[in-house]
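Protein chains: 2
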Amino acid sequence: MNEQAKKSALLMIPYGLQVLGAKDGDKMTLATVNWTTQASFKPPLVVVGVKGDSSAHAMVKNTKQFTMSFLGTGQKGQAFAFFKHVEPEGDKMGGFAYTTGPNTGAPIVSDAPAWVECKVVGFHEYGDHSVVVGEVIEGGLRDDVQKTVEANPKADIDALTLKEIGAKYGG
Amino acid sequence: MNEQAKKSALLMIPYGLQVLGAKDGDKMTLATVNWTTQASFKPPLVVVGVKGDSSAHAMVKNTKQFTMSFLGTGQKGQAFAFFKHVEPEGDKMGGFAYTTGPNTGAPIVSDAPAWVECKVVGFHEYGDHSVVVGEVIEGGLRDDVQKTVEANPKADIDALTLKEIGAKYGG
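The listed protein sequences derive, respectively, from chains A and B. Following the numbering used here, the numbering of the first sequence begins with 198 at its first residue and continues without gaps. Following the numbering used here, the numbering of the second sequence begins with 198 at its first residue and continues without gaps.
Quick caveat, the hints were computed from the structure, so don't treat them as lab data. Incorrect hints may appear among the rest.
Note that identical chains are pooled: a pair holds if it fits in a single copy or bridges any two copies.
[Unchecked claim] In the SDA-like style, the derived pairs of lysine to any residue whose C-alpha atoms are separated by at most 25 angstroms in a straight line are:
| no. | residue 1 | residue 2 |
| --- | --- | --- |
| 1 | Lys239 | Gly368 |
| 2 | Lys204 | Leu359 |
| 3 | Lys204 | Val317 |
| 4 | Lys316 | Asn199 |
| 5 | Lys204 | Asn259 |
| 6 | Lys204 | Lys261 |
| 7 | Lys248 | Glu332 |
| 8 | Lys365 | Ile354 |
| 9 | Lys365 | Gly269 |
| 10 | Lys344 | Lys365 |
| 11 | Lys273 | Lys360 |
| 12 | Lys365 | Thr260 |
| 13 | Lys316 | Ala352 |
| 14 | Lys261 | Met225 |
| 15 | Lys344 | Thr270 |
| 16 | Lys204 | Pro350 |
| 17 | Lys239 | Ala364 |
| 18 | Lys239 | Ser251 |
| 19 | Lys281 | His254 |
| 20 | Lys281 | Phe293 |
| 21 | Lys261 | Gly319 |
| 22 | Lys344 | Asp221 |
| 23 | Lys344 | Glu284 |
| 24 | Lys273 | Ile334 |
| 25 | Lys248 | Asp221 |
| 26 | Lys248 | Gly319 |
| 27 | Lys239 | Val317 |
| 28 | Lys258 | Val342 |
Can you build the whole structure from these sequences, using the hints too?
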């Protein structure tokens with residue numbers, strides 16, 4: 198295989214940054230991810246590649262549910278905070294406040310502009326990251342974003358991207 | 198469920214544009230896709246959401262292989278050419294020249310800056326699009342792009358994005 202071509206090709210896929218939230222019993226964590234895509238309108242499905250040796254992986258595999266907080270432009274600090282393993286410290290994780298999903302109890306980054314809760318419909322361990330397929334069962338917006346989309350339902354919410362933080366993850 | 202929040206959240210995922218190539222016996226097609234993400238480094242896996250009622254879907258399901266041509270910035274014409282069903286007409290499809298993958302025989306958009314060939318390791322029909330998991334078995338670059346990355350292996354190849362063509366697909 199032409200490894201350089203494979204790498205250059207795969208790095209052409211643009212990515213945003215999201216934070217996966219998991220809760221298993223009295224354990225909770227948040228983990229930044231970027232290998233995310235929608236995969237169906239009806240039902241609304243998302244696919245996310247979750248690193249096989251991460252604590253989030255074990256928790257999502259066990260509980261079959263997760264949250265996803267969609268980071269907005271400028272939220273580089275949040276992205277980096279959850280690249281490393283975090284656990285709750287008071288009402289924060291990694292230095293940032295979190296709330297919990299109404300259905301899953303899993304953590305949501307409080308200042309993320311948007312979030313969804315998912316139940317896992319497929320968990321496929323093919324490679325060093327697993328292909329986790331989640332059905333979206335609830336969603337929410339930060340108060341100011343909610344007002345923005347009430348005024349204009351087609352308003353764009355600018356996502357934080359790998360490009361913005363000067364990082365690459367792929368290839 | 199808060200449908201507006203779900204929609205606004207999912208539309209925060211940025212997408213590039215790729216063209217899926219399929220060959221089944223003497224049939225061949227190219228289909229523009231965007232629900233694409235990498236899902237593993239080792240082995241190199243990609244996931245793509247493929248519309249269940251498309252001819253590409255049937256062909257990939259049957260043959261368990263596909264190509265993916267990664268469109269570059271400015272290639273809006275190619276993206277739109279393969280939004281509709283196409284078949285070979287001489288040495289072109291949808292008005293654009295194609296070559297074929299060395300392992301799969303499936304079509305590749307000749308002027309795409311980069312391409313990969315994949316064998317299907319998972320084909321999951323959960324929703325209106327299927328979650329197709331492909332292992333990358335070969336890759337290639339357009340001649341000028343090959344020269345660029347030989348000079349600088351970390352050179353960015355600017356992808357065509359949904360944002361560039363002014364389209365949304367998700368939510």
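Here is how each hint holds up against the structure:
1. Proximity of lysine 239 to glycine 368 under the C-alpha cut-off of 25 angstroms is restricted to the inter-copy arrangement: shortest distance 10 angstroms between copies versus 30 angstroms within a copy.
2. In the homo-oligomer, the alpha carbons of lysine 204 and leucine 359 lie at most 25 angstroms apart both inside one protomer (16 angstroms) and across protomers (22 angstroms), since each shortest distance falls under that limit.
3. In this assembly of identical chains, the alpha carbons of lysine 204 and valine 317 lie at most 25 angstroms apart only when taken from different copies (19 angstroms versus 30 angstroms within one copy).
4. Within a single copy, lysine 316 and asparagine 199 get their C-alpha atoms only as close as 38 angstroms, which misses the 25 angstroms cut-off; across copies the closest is 16 angstroms, which meets it.
5. Neither within a single protomer nor between protomers do lysine 204 and asparagine 259 lie at most 25 angstroms apart by alpha-carbon distance, with minima of 32 angstroms and 27 angstroms respectively.
6. For the homomeric pair lysine 204 and lysine 261, the shortest alpha-carbon distance between copies (22 angstroms) is at most 25 angstroms, but the shortest distance inside one copy (32 angstroms) is not.
7. In this homomeric assembly, lysine 248 and glutamate 332 come within 25 angstroms of each other (Cα to Cα) both inside a single copy, at 19 angstroms, and across copies, at 17 angstroms.
8. Taking the shortest Cα distances, lysine 365 and isoleucine 354 sit within 25 angstroms of each other both inside one copy (22 angstroms) and across copies (13 angstroms).
9. In this homomeric assembly, lysine 365 and glycine 269 come within 25 angstroms of each other (Cα to Cα) both inside a single copy, at 18 angstroms, and across copies, at 18 angstroms.
10. For the identical chains of this complex, lysine 344 and lysine 365 are inter-copy neighbours only, at 21 angstroms across copies versus 33 angstroms inside a copy, given an alpha-carbon limit of 25 angstroms.
11. For a Cα distance limit of 25 angstroms, the shortest separation of lysine 273 from lysine 360 qualifies both inside one copy, at 11 angstroms, and across copies, at 21 angstroms.
12. Proximity of lysine 365 and threonine 260 under a CA criterion of 25 angstroms is satisfied in neither setting, with 30 angstroms inside one chain copy and 32 angstroms between copies.
13. Taking identical chains as interchangeable, the C-alpha atoms of lysine 316 and alanine 352 are never at most 25 angstroms apart, the minima being 27 angstroms within one chain and 39 angstroms between chains.
14. Taking the shortest alpha-carbon separations for lysine 261 and methionine 225, only the intra-copy value of 14 angstroms comes in at or below 25 angstroms, while the best inter-copy value is 39 angstroms.
15. For the homomeric pair lysine 344 and threonine 270, the shortest alpha-carbon distance inside one copy (18 angstroms) is at most 25 angstroms, but the shortest distance between copies (34 angstroms) is not.
16. For a Cα distance limit of 25 angstroms, the shortest separation of lysine 204 from proline 350 across copies, 9 angstroms, qualifies, whereas the shortest one inside one copy, 38 angstroms, does not.
17. For a Cα distance limit of 25 angstroms, the shortest separation of lysine 239 from alanine 364 across copies, 20 angstroms, qualifies, whereas the shortest one inside one copy, 33 angstroms, does not.
18. Taking the shortest Cα distances, lysine 239 and serine 251 sit within 25 angstroms of each other only across copies (16 angstroms), while inside one copy they are farther apart (30 angstroms).
19. Taking the shortest Cα distances, lysine 281 and histidine 254 sit within 25 angstroms of each other inside one copy (14 angstroms), while across copies they are farther apart (38 angstroms).
20. In this assembly of identical chains, the alpha carbons of lysine 281 and phenylalanine 293 lie at most 25 angstroms apart only when taken from the same copy (13 angstroms versus 46 angstroms across copies).
21. Both within a single protomer and between protomers do lysine 261 and glycine 319 lie at most 25 angstroms apart by alpha-carbon distance, with minima of 9 angstroms and 19 angstroms respectively.
22. For the homomeric pair lysine 344 and aspartate 221, neither the shortest alpha-carbon distance inside one copy (33 angstroms) nor that between copies (50 angstroms) is at most 25 angstroms.
23. Taking the closest pair of Cα atoms, lysine 344 and glutamate 284 never come within 25 angstroms of each other, the shortest separation being 31 angstroms inside a single copy and 47 angstroms across copies.
24. For a Cα distance limit of 25 angstroms, the shortest separation of lysine 273 from isoleucine 334 qualifies neither inside one copy, at 27 angstroms, nor across copies, at 34 angstroms.
25. With identical chains, the CA atoms of lysine 248 and aspartate 221 are at most 25 angstroms apart within one copy only, with a shortest distance of 17 angstroms there and 34 angstroms across copies.
26. Both within a single protomer and between protomers do lysine 248 and glycine 319 lie at most 25 angstroms apart by alpha-carbon distance, with minima of 15 angstroms and 18 angstroms respectively.
27. Taking identical chains as interchangeable, the C-alpha atoms of lysine 239 and valine 317 lie at most 25 angstroms apart whether they share a chain (15 angstroms) or sit on different chains (23 angstroms).
28. With identical chains, the CA atoms of lysine 258 and valine 342 are never at most 25 angstroms apart, being 31 angstroms at best within one copy and 40 angstroms at best between copies.
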